[in-house]
Structures are given as structure tokens and as C-alpha cells.
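Trainee: Quick note, the sequences are listed as chains A and B, same order.
Just so you know, we're using the working numbering here: the first sequence kicks off at 1 and counts up by one.
Just so you know, we're using the working numbering here: the second sequence kicks off at 1 and counts up by one.
Hint data in this document are derived by calculation from the structure and do not stem from the laboratory.
Check each hint, because a few of them may be wrong.
Capping the alpha-carbon separation at 30 Å, the derived lysine-lysine pairs in DSSO-like fashion look like this [claimed, not checked]:
{"id": "1", "chain 1": "A", "residue 1": "Lys395", "chain 2": "B", "residue 2": "Lys208"}
{"id": "2", "chain 1": "A", "residue 1": "Lys208", "chain 2": "A", "residue 2": "Lys249"}
{"id": "3", "chain 1": "A", "residue 1": "Lys270", "chain 2": "A", "residue 2": "Lys24"}
{"id": "4", "chain 1": "B", "residue 1": "Lys24", "chain 2": "B", "residue 2": "Lys135"}
{"id": "5", "chain 1": "A", "residue 1": "Lys270", "chain 2": "A", "residue 2": "Lys249"}
{"id": "6", "chain 1": "B", "residue 1": "Lys270", "chain 2": "A", "residue 2": "Lys395"}
{"id": "7", "chain 1": "B", "residue 1": "Lys208", "chain 2": "B", "residue 2": "Lys249"}
{"id": "8", "chain 1": "A", "residue 1": "Lys24", "chain 2": "B", "residue 2": "Lys342"}
{"id": "9", "chain 1": "A", "residue 1": "Lys270", "chain 2": "B", "residue 2": "Lys395"}
{"id": "10", "chain 1": "B", "residue 1": "Lys342", "chain 2": "B", "residue 2": "Lys395"}
{"id": "11", "chain 1": "A", "residue 1": "Lys270", "chain 2": "A", "residue 2": "Lys208"}
{"id": "12", "chain 1": "B", "residue 1": "Lys395", "chain 2": "A", "residue 2": "Lys342"}
{"id": "13", "chain 1": "A", "residue 1": "Lys342", "chain 2": "B", "residue 2": "Lys208"}
{"id": "14", "chain 1": "A", "residue 1": "Lys395", "chain 2": "A", "residue 2": "Lys342"}
{"id": "15", "chain 1": "B", "residue 1": "Lys24", "chain 2": "B", "residue 2": "Lys395"}
{"id": "16", "chain 1": "A", "residue 1": "Lys395", "chain 2": "B", "residue 2": "Lys249"}
Listed below are several chain B residues computed to face chain A (Cβ distance under 10 Å; list not exhaustive) [said to hold, decoys possible]:
{"id": "17", "residue": "Ala79"}
{"id": "18", "residue": "Thr83"}
{"id": "19", "residue": "Asp169"}
Listed next, with one range per pair, are the computed distances between beta-carbon atoms [unchecked claim]:
{"id": "20", "chain 1": "B", "residue 1": "Asn335", "chain 2": "A", "residue 2": "Gly170", "range": "49 to 59 Å"}
{"id": "21", "chain 1": "A", "residue 1": "Ala291", "chain 2": "B", "residue 2": "Asp255", "range": "39 to 49 Å"}
{"id": "22", "chain 1": "B", "residue 1": "Gln120", "chain 2": "A", "residue 2": "Gly381", "range": "26 to 36 Å"}
{"id": "23", "chain 1": "A", "residue 1": "Ala337", "chain 2": "B", "residue 2": "Thr25", "range": "50 to 60 Å"}
{"id": "24", "chain 1": "A", "residue 1": "Ala337", "chain 2": "B", "residue 2": "Asn335", "range": "42 to 52 Å"}
{"id": "25", "chain 1": "B", "residue 1": "Gln120", "chain 2": "A", "residue 2": "Pro252", "range": "36 to 46 Å"}
{"id": "26", "chain 1": "B", "residue 1": "Ala359", "chain 2": "A", "residue 2": "Gln171", "range": "51 to 61 Å"}
{"id": "27", "chain 1": "A", "residue 1": "Glu353", "chain 2": "B", "residue 2": "Asn335", "range": "25 to 35 Å"}
{"id": "28", "chain 1": "B", "residue 1": "Thr172", "chain 2": "A", "residue 2": "Phe357", "range": "55 to 65 Å"}
{"id": "29", "chain 1": "B", "residue 1": "Thr68", "chain 2": "A", "residue 2": "Asp293", "range": "41 to 51 Å"}
{"id": "30", "chain 1": "B", "residue 1": "Gly338", "chain 2": "A", "residue 2": "Ala367", "range": "43 to 53 Å"}
{"id": "31", "chain 1": "B", "residue 1": "Ala370", "chain 2": "A", "residue 2": "Ala361", "range": "36 to 46 Å"}
From a predicted model like this one, the values you see are computed outputs, not experimental measurements.
Even glycine gets a Cβ: it sits at the ideal position worked out from N, Cα and C.
2 protein chains.
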Amino acid sequence: MMEQQSALTRVPGFRAVGVTCGLKTSGQPDLALIWAEHPCTAAAVFTTNAFKAAPVLYDRALLERTSTLRAVVINAGNANAVTGDQGLRDAEQMARWAESACGLPPDSAFVMSTGVIGHQMPMDNVEQGIRAAGKALFTDAGAQGEQAVQAIMTTDLVPKESFRQVDIDGQTISIGAMAKGSGMIHPHMGTMLAVIVTDAAFAADALKIALQQTVSRTFNRVTVDGDTSTNDTVVILASGTAGNISIGKGSPRFDAFVTAVTEVCTDLAKAIARDGEGATKLVEITVTGAATDIEAEQAAKTVATSPLVKTALFGNDPNWGRILAAIGRGGVQINLAGVLLKLGDFQLVASGEPLPFDAAAVSRWLAERAEVRVGVDLGVGQAQATVWTCDFSYKYVEINAEYHT
Amino acid sequence: MMEQQSALTRVPGFRAVGVTCGLKTSGQPDLALIWAEHPCTAAAVFTTNAFKAAPVLYDRALLERTSTLRAVVINAGNANAVTGDQGLRDAEQMARWAESACGLPPDSAFVMSTGVIGHQMPMDNVEQGIRAAGKALFTDAGAQGEQAVQAIMTTDLVPKESFRQVDIDGQTISIGAMAKGSGMIHPHMGTMLAVIVTDAAFAADALKIALQQTVSRTFNRVTVDGDTSTNDTVVILASGTAGNISIGKGSPRFDAFVTAVTEVCTDLAKAIARDGEGATKLVEITVTGAATDIEAEQAAKTVATSPLVKTALFGNDPNWGRILAAIGRGGVQINLAGVLLKLGDFQLVASGEPLPFDAAAVSRWLAERAEVRVGVDLGVGQAQATVWTCDFSYKYVEINAEYHT
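This is chain A alone, in the form it adopts within the complex:
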């Protein structure tokens, strides 16, 4: 039975539902409500886009007033972004309705939205959806939570969830998370939307740092199209019911938790890249031998956002020249005579010069892969970073040329 539950509801003390309230034209579930049995220490990271959506502005202010949450309400179909003062009032109203539906006091609920930009929220639908979700929460559906992850999908083809357990102080800590995202993916602080819940006990400041460390190496290292959304948000709720000693900064238990939650978020980050709009391949780009971590990430992201590299991979073309050209424009320190480049296990460049290889064989190998690893060593230092992206296909153009506002 456990296997059929959602990743969120596998964490003791959390319930989640998804309902349909007419925000998606497809008639699919479009509103999710997550509820915690106990008050949770919470932390979040948000988009750095200057045009922050109304729920992002609401949540940021909320977490300045409190670091304890009991619920998260999320809608798809409308981003509530570039919607002015009315949008802000609507985000706040969604929080009030969610709190009321769960029998909670004000400032207990976090709000997230995703969908089209620049349209006012159809608040009648939202109100009806939140009421229905509140009722469903305390049924079997709320215990299973399968519809919640469906409700946050937009152009996503597959739901994205991950679950891990880790032993801390002899207690089993559970971590469950879900995310959505397929286009406008180049997060800088969070990727579109993700919710992480855990039963670990946590000091608020330590939870914030744990989340920041995790996001910087997972969601902030995935890109589909280089476009950062107005709504990117990742939130973590820690209920403390696992019975562990509260996790503070700089302890072995902090490191153990960060390792586990990083695994969870890496699963989701890779799932987002694999489900990138129009993607046929997950592409994992690892840059080693960089002068600094920042340069390693910058070089890997330059490759990951190169349309020429991404179309070559779609065409199963082992075009290492485009990969090096991208590395070369990335503004990082390179030892030209020490550069190595690998595609999977094929070494294509060594000591900065091309090696002979069977292009047809590598092309056939590429054609058979759903996941491709690209490795570049800059020959300078010891720093490294891995970034995930996808290839760039006709379908990406179709999705984004034919999706009208």
C-alpha cells in the first residue's frame, strides 16, 4: 500500500489532495492542498526574477512574520504574476481560504501558483477548489495524496516525486517531495514549484541553510531553456515528529540530513530536465578541473543552455566542437592545452586536441540513449559541478509556438 501513496504522504503526519476547480482547460486536477498534523518549522527559497509573482511576494513576507507553517495551497493554470495589487490581495485570500478549510489560524498556509502570466485569478473557482480540497483532506484521498502531484503539473508529461529515509540519532527520518516544471526552467533559487516535507525536528535557521545548500546543488543546476520563471519557489516543512534531537547548524546530523534531502532534490531536478518541454534525452553535464565551484557551474550551465549543443544532441551528433565553443564563451579560466572532453565513455578531446573517433558509432550510441553524460575537464584546478538539462527538439518549438496566452 505504501508504494501507491505519494511521496509527501509517506512522511508520517502529512496529508495531501488534488482537486479540479476549472483552472486548467484540460479538466485535469489543478489545485493541491497539503496539510501537516503538527506545526512545522519552514523555510523557502524564491525566484530572483525581478517580476516576482504575487504568491512569491506574499510568502516572502509571511516567512518574515513566522517560521511555522501547517499547510501549502498550490494552483496550476494561472501564475498570478504581473497582476498588480489585485494579485496580491488574491494570494492573501487563497491563504485565508486554505487556513479556514484546514481549521488553522491565519499565517499558517503557504501559497504557490503556476500557469499563464498576466491574468487575474478566477477567484470563484479557486474558492470552490480550496473548499473541496479541505473536505477531501480528511478522507482516504488525503492520506494517499496521489492527486496532489497531478494538480501542480502544467506542460509536465510526468508527475515528479521523490522519497528517502535516513537514520539520524537512531531515529528514522522520512523526506518526501514533489515538484513541477517543464518549461521556463533555469532556476536561480528554486525551480518553478517544489514542496518538501519531513518529520525531522529542525532549528529554523538550520533548516533555511539546509534548504539553501540543497537547492544550490540541485534545482539551481537544472535548465531547460535558460528562462527563469516569475514563480519559482521551493518550500520545506519539518514537523519534528520523528523524535530526533532538533537538527542545528554544523552538526553531523545536519550533514546527514542535507545529504538525504540533496538526493531527493537531485531526483526531482533530473526528473524536470528529463521532462523538459520536447525533450528526448536527459543530459548530465559535469565540468571538472575548474578553478572554483562557481566557474565549474558557470561553464556547465553555458553548455547546458547552448541551443547548438542541445540541437546536436537531439540529432545524435557527437559535435564536441559546439561543446568546446560553449565552454570557451563561458568566461571561465581554461588551460587550453589540458582540456579533456568525454561523451559517455567516449573520449573525444585530450590535451586540448581532437582525438580520432568513429563518429558514426558514437552517433548510433547517442541515438540509443535516454540519458547522456557530457564531461569536460578544464585542466585548471580541482573544482567541479554537475548540471542537468535536456536536448532541444522540434517538439520544444511546437509546444512554445502553439501555446498561446
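Position chain B against the provided structure of chain A, taking the given hints into account.
Mentor: Below, chain B alone, put in the same frame as chain A:
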């Protein structure tokens, strides 16, 4: 008769030819040779890509030895990039052959290459091509120069040339230029290849500054795919035969020349964007109201490289939300309550909030346009910048997925 000449050979004292020597599999002309009757003051700007092609390294060293040139040899079909020491020797050999073919001493010829990366130059073909070009230079073909611009094209669908005359000190100064470029276009110092010739007399230091000023506002403001090439080079040759007083820095004649050569290079920059791989529309993005010129350019380039904006324009979708989302991630100062956005003459956003508009009518208008202007005012300061790009179509993916190394 003048109208049939190439832009380069309309400048008195310059000859140009293109020949076929088997570097392009298409059998089209693939090697160009340009010759100046008189020694020319020369300046050039080059790619900032760390992987600079061999001819870029050769030319950069050449212009440290001399600022006087008499010839330019250019091949398409092979970029001579990431080709190691052999590539450097080949670039130098091309210069020697070109000088010999034109009866010039060493260090008179500039070398440019474009095409695939990572393959050694087929030097037998190149030698034969340069010899044939040398012979053709002093025939009618050399005087007309029509084949030269054909010879530097790769995925370009149309040749790109521009010609202007400007009166300086009562003398008519002619400026002719040609360029190539369609993919891997996001220049930072030059765009792929451009050659500008003029009969103006120029001080060497002033010519360098004039070229830098011009390139920063023309070729450095065009992008097709965000990918900066390994071979970007722009060179200018000034023969001084027009009889004007030698143009020095900071004079009215310097400004007059820069204005004229900026017009010429703007023509070519727009032609490159219009002929971007798979493009159906030229897109001109003007950001006004920025805090600084650099921020205006940065914001405009962020829009110009957004795959979501570019696919929306291909789909004739007036998706201003994607444009604002790109502006918002651009890292520039924005007065959110003062933002304006226009698509052509349609005002879609004012005071940071969406205006009602007839989306179907704007979409029909977009569908009829070969050129689209996007205007965004950031509401902060007085600075502005214009950047040129193109839309992003199925054809772009086809060209780059099916073009194999």
C-alpha cells in the same frame, strides 16, 4: 554597372574575387581574396571565445607587428579551430600563399576561416584556391567582386553587403562591407566574419577606436542563438586614396565616419539576424529607460536570447509575459511600477500592469510581419540600446540537428 558590383569593389582601389576549391561539399564558391591597390591602415576586433581559431591567433599577432595590410584571404567550409599547432602553421601558410598570389611582401595579408570546428584544413585545396583567386583578381571578375561574398557564406541563405558614401572635408568617402553569419551568432567582438573597406585616410589608433565603437553598437548587438563563435572577426582596411585629411580621434570627421560605418554595419547586423538559421522574422528589441547603456543592452540581449520569447514570436503569439519574465531575470534595475511594453505600435503593458488588447488582432498583425519591433521601457533612467535577433522555428532545430560534423 555600379549597381552590379559588390559593396567592396564599389570602393575605389579595391578588388575582390571568390573561387571554388572544394572546401564546401555543395560545390559553391568557398575561398575569397580581397586586394587593395594601395597600402591600407587596418584594425580588427576578434572573438572573446577562449577557444580562438588559428586564423584569429595569427591575425592578432599580425596586427601587433603591423597596422598596414594589402589583402584579406577568407575560406568557408573549415573553421581551422581547435586544430592545434598544425592549424596555426596552416593559417600562416594561407597568409604566405595569399601574399605570393598578389605579389605582396609577408605580413600584408589577413586570414579568416569559417566552417566546421576540429578538422585540419585541406591545404592542397586551399593552395589551389588561392592561386586561382590570385589570377582572377586582375580580371573583370576581380573588379566586380560578386563571387567574394558568395564564397564566405555557410548556412547563410542570402549574401550580406552594404555600401555608403559620406562627405568628409569636401571629399567623398566610400565605405563598402560584407559579412557572413547565420548560426553560432552571439558576437562579443565581431560577428563571425566581416570585412569593411574604405578609401578614407585614417590614423591607425583612430581607426581602431572607430571600429570598436561601431562594432559595439552593431555586430555586438545581434544574436541568433546565444552561441559565440570561435572565429568571429571584423576587419577594416582604409586605403587613404580619397584625399581627405587623415582622420584622427575626437574630430568632427571622426564622428562623421563612425556614423557612416555604423550605418553600414547596422545593415549587415540586421541582415545576419534576418538570415538567422531558420528565421521567419527579424526582431528588433529596443530597451529604453535603463539606468545605464550596459543595463539597456543586457536587458535587450536577455529578451533576444530567450527561447520562449523567440518561439512565441515564431508562433505569432503576443506573449508579453515571456518578454517581461526575460527582462526580469536580466539582472538590471527596473522600476516595476513604471514598466512599459510595446509590440510594434501595440501598447501591451503600462505602469507595470497589463493593458486590455485584442490578442487575435495582434497575432494576425504578427503573422503578416517580416520585421517585428519590441519596445520595453524600464522606467528608471535615460539609457537605451537596440539589439537584433530572429525568431526560433522548427527549421532552426532541423538545420542544427541534421548538420553533422
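Trainee: Each hint needs a verdict: does it hold in this structure or not?
Mentor: Verification of the supplied hints:
1. Of the pairs offered as hints, the one joining Lys395 (chain A) and Lys208 (chain B) is violated, with about 45 Å between alpha carbons and a cut-off of 30 Å exceeded.
2. Between the alpha carbons of Lys208 (chain A) and Lys249 (chain A) the distance comes to roughly 10 Å, so the proposed pair stays at or under 30 Å and holds.
3. Under the criterion of a C-alpha separation no larger than 30 Å, the hint pairing Lys270 (chain A) with Lys24 (chain A) is consistent with the structure, at around 26 Å.
4. Using a Cα cut-off of 30 Å, the hinted pair Lys24 (chain B) and Lys135 (chain B) holds, with the two alpha carbons roughly 21 Å apart.
5. For the hint linking Lys270 (chain A) to Lys249 (chain A), the alpha-carbon distance of about 28 Å falls within 30 Å, and the restraint holds.
6. Between the alpha carbons of Lys270 (chain B) and Lys395 (chain A) the distance comes to roughly 28 Å, so the proposed pair stays at or under 30 Å and holds.
7. A distance of roughly 10 Å separates the Cα atoms of Lys208 (chain B) and Lys249 (chain B); the hinted pair therefore holds under the 30 Å criterion.
8. For the proposed pair Lys24 (chain A) and Lys342 (chain B), the alpha carbon gap of about 28 Å is at most 30 Å, so the pair holds.
9. Proximity of Lys270 (chain A) to Lys395 (chain B) is assessed by CA-CA distance (about 28 Å); at most 30 Å being required, the pair is judged to hold.
10. Straight-line distance between C-alpha atoms of Lys342 (chain B) and Lys395 (chain B) comes to about 27 Å, which keeps the hinted pair within the 30 Å bound.
11. Simply put, Lys270 (chain A) and Lys208 (chain A) have alpha-carbon atoms about 23 Å apart, close enough for the 30 Å limit, and the pair holds.
12. With a C-alpha separation of about 29 Å, the suggested pairing of Lys395 (chain B) with Lys342 (chain A) holds against the 30 Å cut-off.
13. For the proposed pair Lys342 (chain A) and Lys208 (chain B), the alpha carbon gap of about 40 Å is over 30 Å, so the pair is violated.
14. Restraint check: the Cα-Cα separation between Lys395 (chain A) and Lys342 (chain A) comes to about 27 Å, which is no more than 30 Å; the hinted pair holds.
15. Distance hint between Lys24 (chain B) and Lys395 (chain B) is fulfilled; the C-alpha atoms sit about 21 Å from each other, no more than 30 Å.
16. Annotation: proposed proximity of Lys395 (chain A) to Lys249 (chain B) is violated, straight-line Cα distance about 52 Å (limit 30 Å).
17. Here the hint on Ala79 (chain B) is kept, as its CB sits about 8 Å from the closest CB of chain A, short of 10 Å.
18. The criterion of a C-beta within 10 Å of any C-beta in chain A is met by Thr83 (chain B), whose closest approach is roughly 8 Å, and the hint holds.
19. Using the Cβ-Cβ criterion of 10 Å, the hint placing Asp169 (chain B) at the interface with chain A is not satisfied: the shortest such distance is roughly 41 Å.
20. At roughly 55 Å, the beta-carbon separation of Asn335 (chain B) and Gly170 (chain A) lies within the given 49 to 59 Å, and the hint holds.
21. Remark: the range hint 39 to 49 Å for Ala291 (chain A) to Asp255 (chain B) is upheld by a beta-carbon distance near 42 Å.
22. Between Gln120 (chain B) and Gly381 (chain A) the beta carbon distance is about 31 Å. The supplied range of 26 to 36 Å therefore holds.
23. Taking the beta carbon of each, Ala337 (chain A) and Thr25 (chain B) are about 32 Å apart, not inside 50 to 60 Å as hinted.
24. Take Ala337 (chain A) and Asn335 (chain B): their Cβ atoms lie about 48 Å apart, and the range 42 to 52 Å holds.
25. Between Gln120 (chain B) and Pro252 (chain A) the Cβ separation comes to about 55 Å, which falls outside the hinted range of 36 to 46 Å.
26. At roughly 55 Å, the beta carbons of Ala359 (chain B) and Gln171 (chain A) sit within the given window of 51 to 61 Å.
27. A hinted range of 25 to 35 Å is violated for the C-beta pair Glu353 (chain A) and Asn335 (chain B), which are about 51 Å apart.
28. At about 56 Å, the CB distance of Thr172 (chain B) to Phe357 (chain A) agrees with the hint of 55 to 65 Å.
29. Thr68 (chain B) and Asp293 (chain A) have their C-beta atoms about 47 Å apart, which keeps the hinted 41 to 51 Å range intact.
30. Separation of Gly338 (chain B) from Ala367 (chain A) is about 51 Å and conforms to the stated range, judged on CB atoms against 43 to 53 Å.
31. Distance hint check for Ala370 (chain B) and Ala361 (chain A): the Cβ-Cβ separation is about 43 Å, which falls inside the suggested range of 36 to 46 Å.
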